[in-house]
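Asker: Using the hints provided, position chains B, C and D with the ligands relative to the given structure of chain A.
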Amino acid sequence: MKSWLTTTDHKRIGLLYFFTAFAFFLIGGIEALVIRAQLAQPNGHLVTAETYNQLFTMHGTTMVFLALMPLSASFFNYIVPLQIGARDVAFPRLNAFSYWVFLLGGLFLNASWFVGPLFHAGVLNVAPDGGWFGYANLTERQFSPGPNIDFWLLGLQILGISSLAAGFNFIVTILNLRAPGMRMMRVPAFTWMTLVTQFLVITAFPVITVALAFLMFDRFFGTHFYVSQAGATPILWQHLFWLFGHPEVYILILPAMGIVSEVLPTFARKPLFGYTVVVYSGILIGFMGWGVWSHHMFSVGLGPIADSVFSATTMLIAVPTGVKIFNWIATLWGGDIRGTTALHFAVGFIAMFIIGGLSGVTHASPPADLQQTDTYYVVAHIHYVLFGGTIMGLFAGIYYWWPKMTGRLLSEALGKWHFWLQFVGMNLAFFPMHLIGLLGMPRRIYTYSPELGVSDLNLLSTIGAFLIALSILVFVVNIVRTRRRGQRAGNDPWGGATLEWSISSPPPVYNFSVIPTVANRLPRWKTEHHEPMRDPPGTPPAPIHVPGGSWWPMLAALGLPILALAPLTHTLWIAFVGVAVLLAGIYLWAFEPFDV
Amino acid sequence: MTTHGTHTSLGLDSRKMAFWAFIGSECLLFTSLISTYLVYKGRSVVGPYPHEILNIPFTSVSTFDLLMSSLMMVLALAAVQRGDMKWGKIWLFCTALLGLVFLGGQVIEFTEFVHKGLTLQTNLFGCTFFVLTGTHGAHVTVGVLWLLTLWVRALQGKLTSANAMTVEITGLYWHFVDVVWIVIFTVVYLIQ
Amino acid sequence: MNEHSHPAAGVYLRVAAVLVILTVLEVGVFYVPAFHPVLVPVLLVLSAVKFTLVVMFYMHLKADSRVFTFLFGAPLLLAAVVMVALLFLLLGALTLRGAAGAG
Amino acid sequence: MRKRFWVLTAALAGSGCGGPFPQSALHPHSDFARASDVLFTDIFWWAAAVFVVVEALLVVALIRFRHREGRPAPTPTHGHTLMEIAWTLAPAVILVFVAVPTVRTIFATAGGAPADAVKVQVIGHQWWWEFKYPDLALTTANEMHVPVGKPVRVAITSADVIHSFWVPPLGGKRDAIPGQTNYIAFQADSEGDYSGQCAEFCGASHANMRLRVVVESDSEFGRWATVQLAGPAAPTPRTAAERGKAVFARSACIGCHTIQGVSPGVIGPNLTHVGGRTTIASGLFPNDSAHLARWIADAPSLKPGALMTRMQPPLTDADIAALVAYLQSLK
Ligand code: HEA
Ligand code: HEA
Ligand code: CUA
Ligand SMILES: [Cu+2]
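Residue numbers (our numbering), protein chains in the order written: chain A, 69 to 664; chain B, 773 to 964; chain C, 6 to 108; chain D, 1187 to 1517.
The set of hints was computed from the structure by calculation and includes no laboratory data. The reader is advised that the hints may include incorrect statements.
Part of the chain A face toward chain D, derived, beta carbon under 7 Å [said to hold, decoys possible]:
1) 199
2) 213
3) 367
4) 377
5) 380
Footprint (simulated), chain C over chain B, 3 or more residues, beta carbon under 8 Å [said to hold, decoys possible]:
6) 815 to 822
7) 832 to 840
8) 941 to 954
Some chain A residues close to chain C (C-beta under 10 Å, calculated; not the full set) [unchecked claim]:
9) 243
10) 267
11) 270
12) 271
13) 274
14) 275
15) 304
16) 311
17) 355
18) 358
19) 362
20) 639
21) 643
Beta carbons are placed, not taken as given, at the ideal position from N, Cα and C, and that holds for glycine.
Chain A on its own, in the form it takes in the complex:
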C-alpha cells in the first residue's frame, strides 16, 4: 500500500492513471446514460432542468479532463519510457505529483455532486452547470450565484497544473532519455504523437489558466473581465477558451492516432507505411490546430473576413489528417492481417473517425455551420471523433498493451463481443444525432417538444447508449476475468517491433537489464536491411539502482485542493494552510536525496 502511495515508478503511475481515469470514465458514462434516459422521450421528466444542466456539464468535463486525457496519460507513462529504452521518466517525482494532482482535482470536481448541504443546498445541486466550455457571462456571479461554477473553475485550474507538469516531464523524457542510437526519426510513432501532444499541452493550458483566472477574479473579487456593462465583452472568454479548446481536441486525438500507428503495423506484419509522413503530418496537425479556434464561434458574428479565414484554415487540417488515414490503409494493404481485438479497435477508429472528420468539414463551412452549431449535429460530430476516434483508439491500446502492463492477455472472445457491441452501439447512439440536429433539436436542452418529430430518433439513440454501456460491462468482465484466468503473455505476445516487447511482461522495476542500443526504426523486426536486435538478458549483469519512493509529491499536490477550498468557502486562513502545505511539499521534495 505504502509503496503505491509513494511510488515514482512510471509503470505503477501508469497503472494508477489507468484505473483512476477508467473509474472517471464510468462516472462520465453513467452521467451520459442518465442524459440519454431523460431524452428517450419528449417532455421527459426523469431529472429536473437544473440537474440535467449539471449532468451534461460534468459529463463533458469528466470525459475530456478526467477520462480521455488521463487514459492517454496512462499510456504515456507506461509505454513511452519503454519504447525509448529508458529506466523511467526524466522527473519521476514530478510524475507522481502530476498523478496526485489529477486524482485530487478529479475528486474535487466530483465532490460537488455531494457537498450541496455544506452550501445550504441539496445533494445534486451544486455541481458545475455552465457547460464544459462555460461561456461567460452566464458563469458570472450575477447569473450563477451558487458555488457550481466555482467548483468547475477551481477544479480545472488544479487539473491544468497536473497536465502542465506532465507536459514538461514528457517533453524532456522523449527528447533526452532515448536509448543510444534512437534518433528522433527512429522514435516509435506513438511516442512521437505523445511528444506533439505535450507541446500542445504546454502551450494551450496557460491560455485557459488565464481565462479561468479572469473568471475567478470576476467571481471572487468583483472585476469585470467579461462584463459588458463595464466595456468588456464576454467574447474574450470564447476566444481564450477556444484558443485552448481546439488544441485540446487534438490533445485528445493525437495519442489515439499514435496508438493506431503502432497497432496496425504489428498486426499487418508490415512497417508503418510512410512513417516519416505520418510523423510530420502529426506535427502539422498539432501546429495547424492553433490557427482554427474561431470555427467554434461562427455564430458569434466575427465578420465575413474572419469567418472565411478560419473556415479555410480549418478545412486545411483535413489534408494532414487524410494523409494519416491513407497511410494507415496503405499499411494494411499487402499485409498479413491478424484480426485481433486490438486490430478491430484500430480499424474501428479509422472507420468511425472518418465520419467524425467529415462532419467536421461540414462544420468548417460557416453558412452551413450556422444551421448546425449548438445542435445535436455537433454532438454527433464530437462523439464520432471522441468516442469513435479517441475511445476506439484507446481501447486498441488497452488490448494491445494490457499483456505488457499486467502480464496476462485479455480474452479475445470477450474482446470481440466488446468490440461489436460497442461498434453497433455507438453508431446507433450517435448516428441519429446528425439527423436530430438537422431537424432542429438544439443541444443542451433537458427536454424537447414531440412536435419536433425527433422522438423516435432520440429513442434509438438512447438504445444505442445502453448498448455501449453493455459493451463496457463486457470489457469490465474481461479485465476482472483476466486477472485470474488470463493467459500468460510472455515477453512478446504479438511480435511487436518496438523495444517494450523486448522485456518481460510486466517489466521489472528497472525496465531494461541493459539499456539497448538502437540501430534502426524497427529494432525487433527483420527487414530487408537488418536482422532483429538481441533482446536484453533476463537478469541484469550488475545490480541496478532503483530510486525509492517519496511522499512529498503527494504532500505538495494536497496543497492545491486545500488552496482551492479558500475561495470556495470564502475563508482566508485556509489559503495560508494550502500555501504552507504546498511549500512544505516542495521544499521537502527539493532537498530530499533522490538519485536515479
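Answerer: Showing chains B, C and D with the ligands alone in chain A's frame:
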C-alpha cells in the same frame, strides 16, 4: 533531482531543458494577459485612465532596478561556476535584494493607485492592469523566495560550484521574469 | 559543462550598460513630443532589442543548444501570432461592428 | 447502409411540407436558409463521396489481406513518395471545391439588407424574446411577425447572458450577445408559422426559450402592425376583465410588465397585446385560460428558473381568473 545527469540523448541537462519548456509555456501565459490588457485598452467606461495615473519616472527606476538584478544574477552564476562562493553569495543576495526592492516599489505603486481611486474593481484598466502586473509581481515573489533559499543554502555551505546548474536555472527564471517586465514596461507604461 | 561558451563578466557589464542606455532612451523618447508620431514603433523596437539582449546573453541562448532555442522560440513565436490575431479579432469586433453590419 | 438511411430520412424531411418537422434546417423557407442548404448539400455529397471511397478502400484491404495460413510474409514496404503526394493533393483539391462556394456564401449571407428592409430588433432575455420594430415603433414578445417576400433585417442583441436566435426554416442562427449587435437578413418565401428556439446555453430554462415567426402576406402584416400600435383594448365595464385590470394594477405585475397606459415594467414581456398571441412563455404553452391561470399562479413550476416569481402574497383564484380574462381581452 539529478536524473540521468550523465547520460542523456542530447547531452543536455534535463532540468534545464524542462525549464526552457516551462519558460516557453509561460510565454503563452503572459501573452494572454498582455493581449487582454491591450484589447481592453481605452474601453474603460469610467476613470481613472492610464495617463492620469501611471508614474513613469518611478517605474523607470523599478525597471532599472530589475535590469540590475539581472546583472547581479549573471554575476552570481559566473562566480558559482568559477567556484568563487564568496562572491556567489554576495551576488545572490544582491539579486534577491533588488528583487525585494522591485516588489517594494510595486507595493508603493499599487497603494498609490488605490489612493487615487484605481482598484481592481474600478474599471477595465484596473482589472487588466492589476492582474497583469500582479501576476508578474507574483513571479518576482517566487523568484525572491527561490534566490533566498539558494543564498541560505550557500551560507550553510550546501551550495557549491557542483550546483552551478541549479543557479543557472534560477537565473533562467529570473531573467525571464525580467524580460517579461521589459515588455510590460513598454506596452503598459510607455505606450499609453 | 559549457562554461567556456559563457561570456565573461565583462560582456555582462557591457550588456547591462546597453540595457540601461536603451531604457533611458525609451523613457527619453516617451517625453520628447517630436517622437510621438513614431512612438509606438520606436518603443517596440527598443524593447525587442532589450528582450533579445537579455535572452541571448544573460540566458545564454546565443551560445547554448539549439534545442533550448526551439523550446523557447517556438512558443514565443506562437504567442506573438496569437496576440496579433486576438488584437485583430477583438478590436475589430469591438470597434468596426457598426460598420460591418450596417449594410 | 447508414448513408442510405441518412439520405432516405433527409428526403423524407425535404418532401413533407413543414408538417412533421417544423424546426428543420433541411427544409428552407427563405433565401438565407436556402443558401445554407445548397452549400450544405454540396459539401454533403463531397463528404459522402470521400466516405464511400475511403471506407471501401479500408474494407477491401481488410478482406483481401486478412491472415490466411501459408500466406508468405508481407514485403516490408516503407512508403511511396508519389502516392504520398497524390493523397495530399486529392483532398486539397476537393477542399477547394468546398472552400470557394463557402466563402462566396459567407459574403452573400453576411447580414446586409436593402435600406427599405423590414427592421426587427431582437433582444434575448432569460428566457424569452423581445421584438422591437424601430420603424414601426412597436414592441412585442416571443412571436415575431414578418411579411412574406420582403427583405427583413434582424438586429440581435441580449439583455443579460448570451442567447442565440435561431429559426431554422428561415436561416442560420446568430448569437445574441450583451453589448454587441449582430445582424442577419432574410427574405421569407412562403407564408407560415415557423418555430425556432434559443440555441446557446443560457441557464436553467434554455430548453424552454422558444419562439415563433409568423410569415404572412403584406396586408396581414400591416393589419397586425396596426393592431399592435393601438393601445390596449379597454375591458367592457363590469366584466371579469375589468376586475382583472384592477387586480393587475394593484399587483406586482406592473413592476415587470408594460401594458401601454397601465404599467411601465420592463423586466418581463410587453403584455399590451398578449391576448393576440397564440402561445405564452416564449412558445411553451398555448395561450388558453388554463395555462394562463397556472402561469400566473406559479410560473417557475411551469418553467424552471422563470424570473417571474410566484406572487407574494399568493393571488386568490378569483383574482387569477379575473387576470386571465383581462389578459385574454388584450387582443
Ligand atoms: C477528438 C477530437 C476532435 C477532432 C479530431 C476534431 C476534428 C475536426 N473538427 Fe471538431 N470538435 C470537437 C472535437 C474534435 N474535432 C469537439 C469536442 C467539438 C465541440 C466542442 C463543443 O462545442 O462542445 C468540435 C467542434 C467542431 C466545430 C465547431 C462546430 C460548432 O460548434 O458549430 C468545427 C467547425 O469547424 C469542427 C471542425 C473539425 C474539423 C474540420 C476537424 C478535422 O480535424 C477533421 C479532419 C478529418 C477528416 C476530414 C477525415 C479524414 C480525411 C480524409 C479521409 C481526407 C479526405 C477528406 C476531405 C477531402 C474532406 N469541430
Ligand atoms: C470526451 C469524450 C466523450 C465521451 C467518451 C462521451 C460519451 C458519451 N456521450 Fe458525450 N459529450 C462529450 C464528450 C464525450 N461523451 C462532450 C464534450 C459533450 C458536450 C458537453 C457540453 O455540452 O457541455 C458531450 C455531450 C453529450 C450529449 C449532449 C448533451 C446535451 O447537449 O444536452 C449527449 C446526449 O446524448 C452525450 C451522450 C454520450 C453517450 C451516450 C456516451 C457514451 O458513449 C458513454 C459510454 C460509457 C458508458 C455507458 C459507461 C459505462 C458504464 C457502465 C457500464 C456502468 C457500469 C457501472 C459500474 C461498473 C459501476 N454526450
Ligand atoms: Cu437563451 Cu438559450
Ligand atoms: Cu475545434
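Asker: Does the closest beta carbon of chain C sit nearer than 10 Å to the beta carbon of residue 243 of chain A?
Answerer: 7 Å, holds
Asker: Tell me if the interface restraint on residue 199 of chain A is satisfied: Cβ within less than 7 Å of some Cβ in chain D.
Answerer: Interface hint status for residue 199 of chain A: holds (5 Å vs cutoff 7 Å).
Asker: The hint names residue 377 of chain A as touching chain D; please verify it with the least Cβ-Cβ distance against 7 Å.
Answerer: 10 Å, violated
Asker: At a threshold of 10 Å, is the proposed contact between residue 358 of chain A and chain C supported by beta-carbon distances?
Answerer: The hint holds - residue 358 of chain A has a Cβ within 10 Å of chain C, the shortest such distance being about 6 Å.
Asker: So, as I understand it, the hint says residue 213 of chain A touches chain D; can you test that by seeing if any CB pair is closer than 7 Å?
Answerer: Constraint on residue 213 of chain A not satisfied, violated at 11 Å.
Asker: Per the CB criterion, is residue 355 of chain A less than 10 Å away from chain C?
Answerer: Holds - the Cβ of residue 355 of chain A comes within 10 Å of chain C, reaching about 9 Å at its closest.
Asker: Mind checking, does the segment 815 to 822 of chain B have 3 or more residues with a CB under 8 Å from chain C?
Answerer: violated (count 1)
Asker: Does the CB of residue 274 of chain A sit less than 10 Å away from some CB of chain C?
Answerer: Nearest chain C Cβ about 9 Å off; hint holds.
Asker: Hint check: is the beta carbon of residue 267 of chain A less than 10 Å from a beta carbon of chain C?
Answerer: 8 Å, holds
Asker: Should the hint that residue 311 of chain A touches chain C count as held when the rule is a Cβ pair under 10 Å?
Answerer: 7 Å, holds
Asker: With 10 Å as the cut and Cβ atoms as the points, is residue 304 of chain A at the interface with chain C?
Answerer: Nearest chain C Cβ about 7 Å off; hint holds.
Asker: Just to make sure I understand the rule, a stretch counts as covered if three or more of its residues have a C-beta closer than 8 Å to a C-beta of the chain. Does the segment 941 to 954 of chain B meet that for chain C?
Answerer: Contact hint for the segment 941 to 954 of chain B vs chain C: holds, 7 residues under 8 Å.
Checked against the numbered hints given earlier, this structure breaks hints 2, 4, 6, 20, 21; the rest are met.
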